[in-house]
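Keeping their order, the protein sequence lines are chains A and B. For the first sequence, numbering that gives the first Met the number 0 begins at 0 and goes up steadily by one. For the second sequence, numbering that gives the first Met the number 0 begins at 0 and goes up steadily by one.
The hints are simulated quantities; they were obtained by calculation from the structure and are not laboratory data. A hint or two may mislead.
In this list, chains with the same sequence are indistinguishable; a pair is considered to hold if it fits within one copy or across any two.
To be verified - The calculated SDA-like cross-link candidates involving lysine to any residue, where the alpha carbons are at most 25 Å apart (straight line), are:
1) Lys61 <-> Glu159
2) Lys61 <-> Thr38
3) Lys61 <-> Glu78
4) Lys70 <-> Gly162
5) Lys70 <-> Gln91
6) Lys87 <-> Ala17
7) Lys61 <-> Pro163
There are 2 protein chains.
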Amino acid sequence: MQHNLPDTISLLARTPAALNAFLRDLPETWTFQNEGENTWSVFDVVGHLIHAERADWVPRVKILLQFGETKSFDPFDREGHAREIRGKSLPQLLDIFARVRSENLAELLALNLRQEDLARCGRHPVFGTVTLSALLATWAAHDLTHLHQISRVMAHQYREAVGPWAVYLGVLQCGGHSSAS
Amino acid sequence: MQHNLPDTISLLARTPAALNAFLRDLPETWTFQNEGENTWSVFDVVGHLIHAERADWVPRVKILLQFGETKSFDPFDREGHAREIRGKSLPQLLDIFARVRSENLAELLALNLRQEDLARCGRHPVFGTVTLSALLATWAAHDLTHLHQISRVMAHQYREAVGPWAVYLGVLQCGGHSSAS
Numbered sequence: 000m001q002h003n004l005p006d007t008i009s010l011l012a013r014t015p016a017a018l019n020a021f022l023r024d025l026p027e028t029w030t031f032q033n034e035g036e037n038t039w040s041v042f043d044v045v046g047h048l049i050h051a052e053r054a055d056w057v058p059r060v061k062i063l064l065q066f067g068e069t070k071s072f073d074p075f076d077r078e079g080h081a082r083e084i085r086g087k088s089l090p091q092l093l094d095i096f097a098r099v100r101s102e103n104l105a106e107l108l109a110l111n112l113r114q115e116d117l118a119r120c121g122r123h124p125v126f127g128t129v130t131l132s133a134l135l136a137t138w139a140a141h142d143l144t145h146l147h148q149i150s151r152v153m154a155h156q157y158r159e160a161v162g163p164w165a166v167y168l169g170v171l172q173c174g175g176h177s178s179a180s
Numbered sequence: 000m001q002h003n004l005p006d007t008i009s010l011l012a013r014t015p016a017a018l019n020a021f022l023r024d025l026p027e028t029w030t031f032q033n034e035g036e037n038t039w040s041v042f043d044v045v046g047h048l049i050h051a052e053r054a055d056w057v058p059r060v061k062i063l064l065q066f067g068e069t070k071s072f073d074p075f076d077r078e079g080h081a082r083e084i085r086g087k088s089l090p091q092l093l094d095i096f097a098r099v100r101s102e103n104l105a106e107l108l109a110l111n112l113r114q115e116d117l118a119r120c121g122r123h124p125v126f127g128t129v130t131l132s133a134l135l136a137t138w139a140a141h142d143l144t145h146l147h148q149i150s151r152v153m154a155h156q157y158r159e160a161v162g163p164w165a166v167y168l169g170v171l172q173c174g175g176h177s178s179a180s
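Throw the hints in and build the complete structure from the sequences for me.
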């Protein structure tokens, strides 16, 4: 299936409200537990989504449009959320995520991208040549990968509690998959 | 981690609003495509969640409380959502899901379950003896397994569009895991 920019924007616009409806004021059992040493809690994941808004998607779009393939994107720091979450509560992170996402979508719309712009190319520090289309599609798919992770981290907290049903619950069969940008 | 009934109820109460915020009026690219032959779209998944509200959780709680282990739960029909979705739109399904979930949580609260009730046992058609605690924990984990599935089905639509980033997106490494009740 081809990338469709309005579909991408529709999804990106909804993620903050969906996370807010699901996570705000949820007991910490669900939001502050992780899957074990060196894994992320839901709280960490929301911090990572904020960090990616600041350091990844729109900044890379701008580098691509200004420099094409002559300048590589800055590498993304997977631990960069540490400074986003320090001293914050989950409701605060949800508010910040909603605000930075909204600002970034406004910046994206202001670029007035045309269909032919989507084929323009930039340089990824690992992959080399990448299209604007793939970068924007990945922004949306990255939301989905972390929604997938959030549901898995939460389900992990009930791995024992569900007793024999564990064998029927797909999310408990998911091995987890690393994710970066 | 032990099962905590207030935590379970907190999660169950939020799922309809979260799905509503994420899915209502989203383009059909995201909601009516599936992962291939004999797989479910997001629309199908919401129909399944409705069917499970009607046929699975609270009906099984009532059988367990009334009959203990002397009467097996009715088997759950994994294709039972077919009649829930026929002729309906996704916004209609989201409204129905919110209503039946709310009604079921009201019924659950009206039972005034005490901590010691959670150890009471019923009979599952496949597993045999199961506790009320595990049944209720599974109700919440079942929401999470289908949130996990929804994010995976949606991400699948952009499998090609994300280009080289596919290797970094955990949700695209997820093989899918069958799920039943």
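*Return the numbers of the hints above that this structure violates; sort them in rising order.*
2, 5
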